[in-house]
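Residues per chain are reported as follows:
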Amino acid sequence: MTVTTTSVDLDTARSNQQQRRMPGDHGRPLTQSRGLARALRILSTALIALWFALPFLPLVLWSFADQWMHPAAFPMETGTDGLTAAIANGGGRAFLHSLALSLVVAAIATPLGAMAARALSRGQVRFGKAITVLLFSPVMLPPFAAVLGLNVLLLRAWVPPVVGVVLVLVAVAIPYTTFSMRAAYAAYDDGFDEAARTLGASSRLTLWRIHLPLIAPALARSAFLAFLVGWSDYLITLVVGGGHLVTLPLIIASSASGVGNESSVAVLSLSAVIPPLILLGLIARSRNLDPGRQR
Amino acid sequence: MTTELMTSAITLTSVTKSYSTTAPAALHGVNLDILPGTSTAIVGPSGSGKSTILRIIAGLEDANGGRVRLSGRDVTALLPEQRGISMVFQRPLLFPHLTVLDNVAFADRAAGVSRAQARKQAREHLEMVQMGTFASRSPQSLSGGQQQRVAVARALAAKPSVLLLDEPFSALDPGLKDEMHAMIASIRAAVNPTILFVTHDRDEASAMAERIVVLENGQLLQHDTVDHVFHQPASLAVARLLGGKNAFAGVIDNGVHHSAIGAVAIDGDVGSGRATLVFRHEAVTSTLRHATSGADAAALATPHADAAACQRLGPRELRGTVTAAVQRGPRRELVVRVGDADVHTEAAPGNLLSVGDPVTVSLPCEALWTVPA
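If you read the sequences in order, they're chains R and F.
Heads up: the first sequence runs through residues 1 to 295, numbered per my numbering.
Heads up: the second sequence runs through residues 1 to 373, numbered per my numbering.
Because the hints were derived from the structure by calculation, they are not lab data.
We treat Cβ as the ideally placed atom computed from N, Cα and C, and that holds for glycine.
Accuracy of the hints is not assured; some may be wrong.
[What the hints assert, rightly or not] Partner residues are not named here, just some residues of chain R that face chain F (Cβ under 7 Å, in silico):
1) Ala88
2) Phe192
3) Glu194
4) Ala195
5) Arg197
6) Thr198
7) Gly200
8) Ala201
9) Ser202
10) Leu205
11) Leu207
12) Ile210
13) Pro217
[Claimed, not checked] Label-pair ranges, simulated between beta-carbon atoms:
14) R:Leu207 <-> F:Gln140: 56 to 66 Å
15) R:Met115 <-> F:Ser71: 47 to 57 Å
16) R:Ser202 <-> F:Ser20: 21 to 31 Å
[Claimed, not checked] Partial selection, computed: residues in chain R whose CB lies under 8 Å from chain F:
17) Ala73
18) Met76
19) Pro213
20) Val259
Please construct the entire structure, taking both the sequences and the accompanying hints into account.
What follows is the structure, given as structure tokens:
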């Protein structure tokens, strides 16, 4: 079924012209630093990178150091004693507990945060400002005071300790996921959903085929934040969990309070750092693979 | 087939819409019939309810009252996906995570068609809008015009009974708009969908539609052919909304309208009493008048005596002086002072008229129309 229309050559030419960079376009001379400014930019970037990377150097060195005495600049003997000790101290099981806890917190807090964010950003919620403040209250309250109060409540309600940990961590994570998704929904065009509906897609199909893929990068960022809340928590797991749930931060803290097990602490600390970094890399990679992303 | 025997493609009956209890209603009891296979433009100022009508027909907004029927079927309570319509929006809204081909195949995929079959049909629709070679591209790599072509192909791929267009070409430059109008004309020749579109561009309305609906403040003022809406407006408001600049309040007596520009015979049965004379400035030309041919006058020495005389004697002529001149592309718009009134005209071809020039304004009978005062 072909019909004759006017040529699209002119339009194609415009398209090609649009792909050509023009003065004022992103990344062009006006926005590119030069000379001294460029040197300062590179130097400051290098310093910040060094600032972030430097603390990891002793950790890496310590994790392979079977013997490292003062005043030696580097380990005198390297090996896997630290790894062996970390596993013997329950590091492996604590790692799995932390992973499971963080994934559960992310799996619950992300959709809840997304739904809250969508409702708030659309202005569908009565007393939206008050509810926003309420949502953020877990972050605003002093954690220790809040956790002690909640712990009493959870104990009296006969809530199992592990469930209690998840409940409280989800409450702490929701402000982050809501805030993150709210920014995403502020930029989201509901027109995409409307276009899908007028093309015959049901609300469920629109959600799965259009809405979720379009907000996937924001959901991933939001889930990452919620994961971090669970992954890095110490206080809530300690107080509410009451020892029923031993996670990586708890093992690290107890190991670090002892003397002479620096390499074990280093291995545990590195194992706490690596999963978030891997997740961050995956998020960045998924954005690069996005077929709709302009190249 | 007569109009009476045809089932309307779209029927709105007493449709009302309010977005809030405090704001004025967006639509007041709108009644509208659109025949199948026709192209109709909805024009009106911002906030007149143009897009609201489209969104109510599409099911994207619920009407507070009234019924919506598509091909005789009451769809008032149906969801958008159950109505058999497609809509092209002001922004192309191509799904950025899908290729151009999969965007166009989306409607078939939603209907349960296999991926291979949906893509095969999508290629046909892309060819229809001359975008076949862009099938594997991402939407963001296309220009605005190309994206809107794909959006039209995507809407057509849903095989809608009614195609709704909500200012689809308003963001495009004039050259691209002309291409789009030609594309729509080709699509109409090929698949003849019923088209209802919103535009704020009067030229676009007349280029793409054979009928125009004029809306103001949520009320339907006129629904008529393009020629009638422009040259025989139902009211002064319609004349103004469609860019009419000449309106002279007066009285009709024995088929002759008397106003500040003098006595002007009106063709046809126009009754008598108070009425406003309107005519398009594009239909009225001015030519240079030699100074010796007489002074400016609000009326000719021998005004047409009756309506029949108007047709018999040819164009009515007024004398005046140019008080303003504006060049619009190849056309030169003039304001000519005739007696105590300003008449908006265009300079006749070859007349390089300027402010102060004495001119003769020629009023063709067919251009003259009266509306209730």
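Now for the hints, and whether the structure bears them out:
{"no.": "1", "hint": "Ala88", "result": "violated (48 Å)"}
{"no.": "2", "hint": "Phe192", "result": "holds (6 Å)"}
{"no.": "3", "hint": "Glu194", "result": "holds (5 Å)"}
{"no.": "4", "hint": "Ala195", "result": "holds (4 Å)"}
{"no.": "5", "hint": "Arg197", "result": "holds (4 Å)"}
{"no.": "6", "hint": "Thr198", "result": "holds (4 Å)"}
{"no.": "7", "hint": "Gly200", "result": "holds (5 Å)"}
{"no.": "8", "hint": "Ala201", "result": "holds (4 Å)"}
{"no.": "9", "hint": "Ser202", "result": "holds (6 Å)"}
{"no.": "10", "hint": "Leu205", "result": "holds (6 Å)"}
{"no.": "11", "hint": "Leu207", "result": "violated (12 Å)"}
{"no.": "12", "hint": "Ile210", "result": "holds (6 Å)"}
{"no.": "13", "hint": "Pro217", "result": "violated (10 Å)"}
{"no.": "14", "hint": "R:Leu207 <-> F:Gln140: 56 to 66 Å", "result": "violated (23 Å)"}
{"no.": "15", "hint": "R:Met115 <-> F:Ser71: 47 to 57 Å", "result": "violated (38 Å)"}
{"no.": "16", "hint": "R:Ser202 <-> F:Ser20: 21 to 31 Å", "result": "holds (29 Å)"}
{"no.": "17", "hint": "Ala73", "result": "violated (52 Å)"}
{"no.": "18", "hint": "Met76", "result": "violated (55 Å)"}
{"no.": "19", "hint": "Pro213", "result": "holds (5 Å)"}
{"no.": "20", "hint": "Val259", "result": "violated (54 Å)"}
The structure does not agree with the numbered hints 1, 11, 13, 14, 15, 17, 18 and 20 stated previously, though it agrees with the rest.
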